[in-house]
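S.K.: Here is how the chains run, residue by residue.
Protein chains: 2
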Amino acid sequence: MNKLLISLATVACIISAVSCGSGSGKVREDFVIASNAQRGQESPQYNSERRVRVRLYAPDANVKSIKLDIDAKLYDLKRNRYGFWAGESDPLDEGFHYYQLVVDGVNVPDPGSEYYYGSARWGSGVDIPSPDSELFEVQKVPQGQLRGTYYWSEEKQAMRHCFVYTPAEYDRNPDKHYPVLYLLPGGAENEYSWARQGRIAQIMDNLLAAGKCEPFLIVMDNCQLEDPWGWEEDYTSIMANDLIPMVDTTFRTISDRDHRAMAGLSYGGLQVKWSAFARPDIISYVGLFSGGTITAEEAAENPAFKDGMKLVFISFGETELVWPTFGIEEGTDPVQQTEDLKASGMNAHFYLSPRTHHEWLSWRRSMYEFAQMLFR
Amino acid sequence: MNKLLISLATVACIISAVSCGSGSGKVREDFVIASNAQRGQESPQYNSERRVRVRLYAPDANVKSIKLDIDAKLYDLKRNRYGFWAGESDPLDEGFHYYQLVVDGVNVPDPGSEYYYGSARWGSGVDIPSPDSELFEVQKVPQGQLRGTYYWSEEKQAMRHCFVYTPAEYDRNPDKHYPVLYLLPGGAENEYSWARQGRIAQIMDNLLAAGKCEPFLIVMDNCQLEDPWGWEEDYTSIMANDLIPMVDTTFRTISDRDHRAMAGLSYGGLQVKWSAFARPDIISYVGLFSGGTITAEEAAENPAFKDGMKLVFISFGETELVWPTFGIEEGTDPVQQTEDLKASGMNAHFYLSPRTHHEWLSWRRSMYEFAQMLFR
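Note that the protein sequences, when read in sequence, are chains A and B.
Numbered per the numbering used here, the first sequence spans residues 145 to 520.
Numbered per the numbering used here, the second sequence spans residues 145 to 520.
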């Protein structure tokens with residue numbers, strides 16, 4: 145555990161060590177407005193080289209520099225004669241990227257973009273399409289609902305906010321009861337993260353319309369309890385004692401361990417591991433998305449976990465599968481660890497997201513794969 | 145109609161004519177962090193004089209000026225030795241205020257605040273408490289749900305996003321059917337506006353817990369169809385042909401005009417008037433919140449409207465009730481117009497929100513009053 149947290153700190157340092165670039169090379173002028181632009185706005189954009197361009201109207205700006213800060217690199221914006229400022233990044237990975245603007249040294253969101261919660265703040269984000277983008281987009285198929293609600297936490301003596309996804313068929317089958325997945329965000333994200341950048345309703349609506357998964361409910365809660373970063377807090381008891389009882393009395397669930405799954409990304413995956421080891425009596429499927437691994441040795445030490453889990457799903461982005469990254473200790477190989485877990489008799493599954501790093505396209509794809517293996 | 149639109153343009157000019165201030169007078173140092181600050185952030189704040197303070201950490205800023213832009217006035221922020229920038233406004237009205245920062249002439253959201261959609265963008269907002277604030281806050285009472293979903297618009301040949309509020313009891317009464325209120329935002333706002341700054345779930349949950357209103361569903365849609373400003377677009381047919389059928393097949397509604405209401409604020413109130421005049425066969429309660437008036441003469445020209453409406457609810461903020469303001473023509477008096485409407489035989493009701501202008505506290509209070517008069 146300590147070793148893991150040290151490697152986390154290392155990653156955080158590497159990520160925050162910002163170098164400075166200038167959108168090198170000749171830029172292909174085929175930019176289109178990204179899905180993340182606010183309605184009627186023209187920023188952010190991306191082109192066929194997967195560069196991101198931001199664009200800002202500030203005719204009266206009395207400013208020395210505006211920079212685009214994306215993927216740990218800074219890019220200068222230039223002003224044109226009409227008062228528009230624009231600048232673009234180097235080619236980036238497909239998928240979702242958080243970014244911000246730096247106006248004379250002040251970090252601010254891009255006023256043109258939609259906002260997403262990550263790094264403990266609401267900030268700008270941009271999606272660069274991938275070949276499988278349509279899986280994560282709103283299609284003309286039956287639409288589920290993302291239900292925001294508050295619940296009372298006896299432990300915290302406070303109201304907490306969560307989202308519950310219900311599939312389109314839920315309201316048409318008043319006598320049917322459903323399994324439930326409890327789904328956690330990453331560190332310094334919150335309950336909005338899966339709902340917004342995670343595209344959870346689109347993933348599920350599209351899978352269900354294609355007949356590729358069983359219908360189930362998804363509860364999205366925030367596992368950072370006391371502050372936005374929330375490291376090493378005990379989320380398990382809140383879930384077990386406050387959240388699950390609320391969900392089981394408010395929704396038509398099948399309220400037993402055989403019909404309850406839990407998954408999380410990055411730090412949320414670590415929380416899932418802690419919860420599943422502590423309470424294998426209430427969970428029977430687990431998913432760790434870029435959230436570390438579970439070794440055969442760890443499983444062997446916890447017979448209730450080892451005998452009780454119907455599925456252990458481990459996933460990473462292809463390009464993050466090097467040390468140091470979240471949850472992988474130096475000299476260990478999560479693919480081999482998953483094989484060892486299988487050899488020990490557990491139903492373990494490893495998924496690798498092509499060409500993606502420690503980011504949301506890895507996690508959307510992980511969810512897309514994981515969903516198809518649940519409650520079968 | 146034309147005269148009204150001219151007065152709107154006048155108001156817009158007045159609102160955008162920004163003067164420059166400096167947080168005049170001695171400032172009382174009893175600031176507290178506003179409910180609109182992001183978790184873990186310290187901006188915005190307000191004090192007992194109802195001044196708003198923003199606070200920004202930018203130790204490396206190479207910037208000439210940062211200003212707070214609120215209620216059509218600019219206030220300078222000052223830097224302290226630790227790299228924090230802060231500045232405060234003059235005393236403002238109670239209630240919700242949109243605001244932004246201006247960094248060397250570039251308009252950006254406050255990175256510390258939650259974001260709210262208004263003026264055709266996601267931007268910062270701050271609530272200054274009023275004596276009735278608790279009506280609009282999350283209380284430990286049974287909680288309804290705010291359900292985000294998409295529906296297919298045959299007319300637009302596109303998916304559209306809306307919210308549906310369901311009261312806490314909805315999921316516990318699988319055989320009960322409910323009346324529906326269709327609720328519109330103001331110009332350049334969207335379907336999120338009532339859900340977020342409108343505090344609709346809190347208003348309803350608290351009213352229902354106090355036994356002060358009937359349970360009903362509330363559908364929040366965006367009446368700006370083609371662009372974020374959307375003036376004079378025809379929303380009625382989208383609502384009648386696409387939205388109402390979706391709601392009536394997805395939710396347990398009582399799908400007749402006697403159990404259907406429509407309300408809106410500002411420009412949304414104008415849309416409500418147009419819809420109710422065009423389709424009195426599908427609506428029987430209307431609410432115009434700072435959204436103009438309906439005269440006895442107009443009603444007399446439309447017998448289906450005059451005979452069919454069970455309630456016409458007109459409201460304004462006390463300090464906006466002067467000309468020019470939205471929907472009030474020079475020389476007319478909406479209080480007297482409502483009296484005339486009553487005298488003509490209609491059930492009309494006028495509500496005035498104490499000490500508020502053309503802003504969200506007026507509309508939260510209007511909703512609080514209107515809700516108690518519906519479906520009785």
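Please keep in mind that the hints were generated in silico from the structure rather than gathered at the bench.
Heads up, a few of these hints could be off.
Said to hold, decoys possible - With a cut-off of at most 25 Å between alpha-carbon atoms, the simulated DSS-like pairs for lysine-lysine come out as follows:
1) B:K284 / A:K300
2) B:K208 / A:K222
3) B:K300 / A:K284
4) B:K284 / A:K208
Remember, it's a predicted structure, so these values are computed and weren't measured experimentally.
S.K.: Which of the numbered hints are not met once you compare them with the structure shown?
M.R.: Hint check: 4 fails alone, others pass.
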